[in-house]
Amino acid sequence: MRFTLRVWRQKDAKSPGQFETYEVDGVPADASFLEMLDILNEKLIKEGKEPVAFDHDCREGICGSCGLFINGRAHGPLPNITTCRLYMRHFKDGDTITIEPFRARPFPVIKDLVVDRSALDRIIQKGGYISVNTGSAPDANSIPIAKAAADRAFDYATCIGCGACVAACKNASAMLFTSAKVAHLALLPQGQPERRERVKRMVAQMDAEGFGHCSNTGACAVECPAKIPLSAIARLQRDFIWANLTPDPYAR
Amino acid sequence: MAEIATPVAPSVVPAPSWREGELILQNACPTGDLEKRWTRHKDNLRLVAPHNKRKLEIIVVGAGLAGASAAATLGELGYRVKVFVYHNSPRRAHSIAAQGGINAAKNYRNDGDSIWRLFYDTIKGGDFRARESNVYRLAEVSVKIIDHCVAQGIPFAREYGGYLDTRSFGGAQLMRTFYARGQTGQQLLLGAYAALQRQVELGNVQVFYNHELLDVVVEEGKAKGVIVRNLITGQISRVAAHAVVLATGGYGNAYYLSTNAKMSNATAIWRAHRRGAYFGNPSFVQIHPTCIPQSGDYQSKLTLMSESLRNDGRVWVPRKKGDTRPPHETPDSERWYYLEEWYPAFGNLVPRDIASRAAKRVCDMGYGVGPTGRAVYLDFSDAIRRFGREVIYQRYGNLFEMYEEITGESPWETPMRIYPAVHYTMGGLWVDYNLMTNIEGLYAIGEANFSDHGANRLGASALMQGLADGYFILPYTIGHYLATQLTQKLSTDTAAFADAEKETRQRIGNLLNTKGTRTVDEFHRELGKILWDQCGLARNAEGLRTAMSQIRELRERYWKEVKVVGTNEGFNQTLEKALRVADFLELGELMIIDAYHREESCGCHLREEYQTEEGEALRNDKDYAYVAAWQWQGEKEPPVLHKEPLTFEFVKPTVRSYK
Ligand SMILES: Cc1cc2nc3c(=O)[nH]c(=O)nc-3n(C[C@H](O)[C@H](O)[C@H](O)COP(=O)(O)OP(=O)(O)OC[C@H]3O[C@@H](n4cnc5c(N)ncnc54)[C@H](O)[C@@H]3O)c2cc1C
Ligand code: SF4
Ligand code: FES
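Protein chains in written order, with numbering that gives the first Met the number 0: chain A, 0 to 251; chain B, 0 to 658.
Calculated from the structure, these hints are not laboratory results.
Honestly, I wouldn't trust all of these hints.
[Claimed, not checked] Now the stretches of chain B that chain A is said to cover, found in silico as 3 or more residues with beta-carbon under 8 angstroms:
#, stretch
1, 78-89
2, 138-146
3, 149-159
4, 368-375
5, 469-480
6, 560-573
[Claimed, not checked] In silico SDA-like pairs for lysine to any residue, Cα to Cα no more than 25 angstroms straight-line:
#, chain 1, residue 1, chain 2, residue 2
7, B, Lys635, B, Arg556
8, B, Lys562, A, Glu22
9, B, Lys562, A, Val26
These figures come from a predicted structure and were not determined experimentally.
Even for Gly, the Cβ is constructed at its ideal location relative to N, Cα and C.
Whole structure, please, built from the sequences with the hints as guidance.
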């Protein structure tokens, strides 16, 4: 297959960027989108040009590294899939494809298609965990958890931290990401002691990083490769209101 | 008539060679009752008082399961910890991709499991090439891992009563594998990552993203720090510490195509090796039986289909050679369920080395299926009929989807086609019972060390080992060394640091100045093919000799012909790759030498000269019951082989049978 690629090129965070156009030919239909870019890069290197920088690692849709904005959509034209799991057979021979980085103020460009998503880590730092030190846990089966609760918690826990929800959102909100963690831990008995503080602190950090507010358009869930449901956001909102508006039962 | 030219002199074509060194007799293993060894050992380790911990700096390189769990726990203990990862977040480590599960001797099923049995299965699974003391300790702490992970909120699969569910994995007749759908590694890593982030928030741990270790600094036999490159700015820095922990994962990507994440590489352990750390059993590489077969040269990696699928999937090929009927048209009587026939006791759940070799054997015999004839079927139709779609979806839904995306075929309708692929490296840096390399203060944990899996790792045991090392072993043993380092002042202003930095800069400069014509990937693919053909599923002396000269030649060409564009100053993914492939080329040679020297078959290492008539491994305990620990001597010098004898006091090595 043959494609015309319009690729965002940007030297570093400080330089301005622009689109460059490239032709790639002889791309097998079974190649993944990233393998198509590999083919382009091999060609560019041979021509002595700088290859296109893009993030990737597992190439199986689980590490959350890859993240390209393809023809105006986070992770490309298919819903709920990472860029690395997108195959060229989903495009038409001869297509022109526009490739950009995930754009959002809290995700500064590092180079070309690579952005800095460490803001997401800083949200987790504020409470996306249960504070338990190694060595202090009771026997695992001493905490029975209803299967349905564990299954739902798992659904929320599968977020891969790719940031597509932010890129897809017109407000650049990180609500789906943040709420996935809040909902996961809120569903489990282990998560209860820190439940109030967790939601307050994580939301505050989300705001501090410059992510926008959630206006419930649901654009995030359409692209989310982990299929995090919008109910995560509803759960966060309920917890947030509860944590802020109801009196703390343990206040002095 | 011109004389016929004689072939190139063998000096250019070196046969694998090595020198014998001293035996390794010190491995810090305790003696006495097996069950009491770890407890007694812990009681005898030196301690560091809390106020002193705050004065001690530890570098942890890597934040996969092993590194993240270690760094978090060391932070909890009060040490000052610096973590370096080349990833843009610790959550992206290769561990995230582990699918199937984690073993633990909980015996929640009441099916007769025990620490002893997990120990026994692991020793036997490794074909009697691992230390009894280490493996017993691993089985012992496995129990606490599950407790800790549940306390962290990891949503393991549960039964309706609310208690934890388990399943079977290869090489075991028990159900001791805990899992979180097909994403166990992800959930465990996110647990360790969250614990790490908590320590960051508390100020005990600093994590440096996008930083790659390019050298280890050693002075007077002690680890003093590291040289790292900031992958975004290209800045090269010296970092000093009282101890250095390498948790940098495996080197399966030496083969180019593997199930590993694309960036996984050997640089950290290889650089440590060049600084004097012994490399244990480098040729012990696990080839996983159930992967999606390769379909073209453009392919950048191979995708694993979890071993858990063999719980319900049946492996078969048509009984008639060259049968091109679509699989559903082949009646049951004409299907050859060769694993069930050859190994009735374990059936489809034989260990990986056995299943991989069996697949190769039936394909070599001409029974393979698919366009290339190098694949076998993994069929779920019986299981779907027996349990219904819903149950099978619950168990393997995401794997079925992944298979369909990649191949365009649905496992609900037609069996999967699978073939073995490189997956895991049992080899790695040699470590003693304290997980310390032969360089004092330099530790290796997780897949980066050689320790517990002998010549073959059982499924669901890598996650167990990574977390055992990181949460429950290293945090104790490292104090034993650090207690002696309290008065050591840290400095990067030493000759050893200066040398290491200079060498690193030179290496980078050489690569950037080569101005060749061939890409790094082209060399990497070539190396991969040599290793896969000659040091893969089956090995023999002649093939290994050929491979040795091919790699030598490839390595020489690399430094003349490789083309690396861009500069050191700034984000340069081609340069990153070029540095990693340069190290793979050197490691490749050592793998060949190791495979060549071991004139027996054991576990993953099948030397064609040493097999039974049925193609099973013929072990030679008299001559080869040892760990091969290799010492670097220089780029052109043969390495020195140190043997660490393995003694078996509690399990008698037997012919490994799964029949
Ligand atoms: C597809 C797949 C499925 C698997 N499924 C299972 C399973 O179900 N059960 C099981 O038990 N095992 C499984 N395994 C094996 C298991 O996942 C790995 O062995 C294990 O996760 C390795 O963990 P680790 O912490 O040692 O290293 P890794 O997770 O590989 O982490 C390495 C870390 O080191 C860093 N690093 C490496 N080199 C450098 C350097 N030079 N400088 C800076 N940082 C560096 C990386 O950034 C990363 O953080 C699977 C493996 C694969 C490939
Ligand atoms: S919520 Fe979905 S889209 Fe957002 S980071 Fe997580 S996986 Fe990616
Ligand atoms: S490369 Fe890991 S999710 Fe795409």
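Three-residue Cβ test at 8 angstroms for the coverage of the stretch 469-480 of chain B by chain A: holds (count 3)
Verdict on chain A covering the stretch 78-89 of chain B, criterion of 3 CB contacts below 8 angstroms: Result for this restraint: holds, n = 4.
Cβ contact check, 8 angstroms cutoff: the stretch 560-573 of chain B against chain A, three residues minimum: holds (count 7)
Given coverage of the stretch 149-159 of chain B by chain A, checked by CB-CB distance under 8 angstroms (3 or more): holds (count 11)
Whether chain A covers the stretch 138-146 of chain B (at least 3 residues having a Cβ closer than 8 angstroms to its Cβ atoms): holds (count 3)
Given coverage of the stretch 368-375 of chain B by chain A, checked by CB-CB distance under 8 angstroms (3 or more): Coverage by chain A is violated here, the residue count being 0 at a Cβ distance below 8 angstroms.
Given pair status - A/Glu22, B/Lys562, alpha carbons within 25 angstroms: The given pair, whose Cα atoms are some 22 angstroms apart, holds under the 25 angstroms limit.
Restraint check for B/Lys635 with B/Arg556, where alpha carbons must lie at most 25 angstroms apart: holds, 15 angstroms
Restraint check for B/Lys562 with A/Val26, where alpha carbons must lie at most 25 angstroms apart: This hinted pair holds, its Cα atoms lying about 23 angstroms apart.
Of the numbered hints listed earlier, the single one contradicted by the structure is hint 4.
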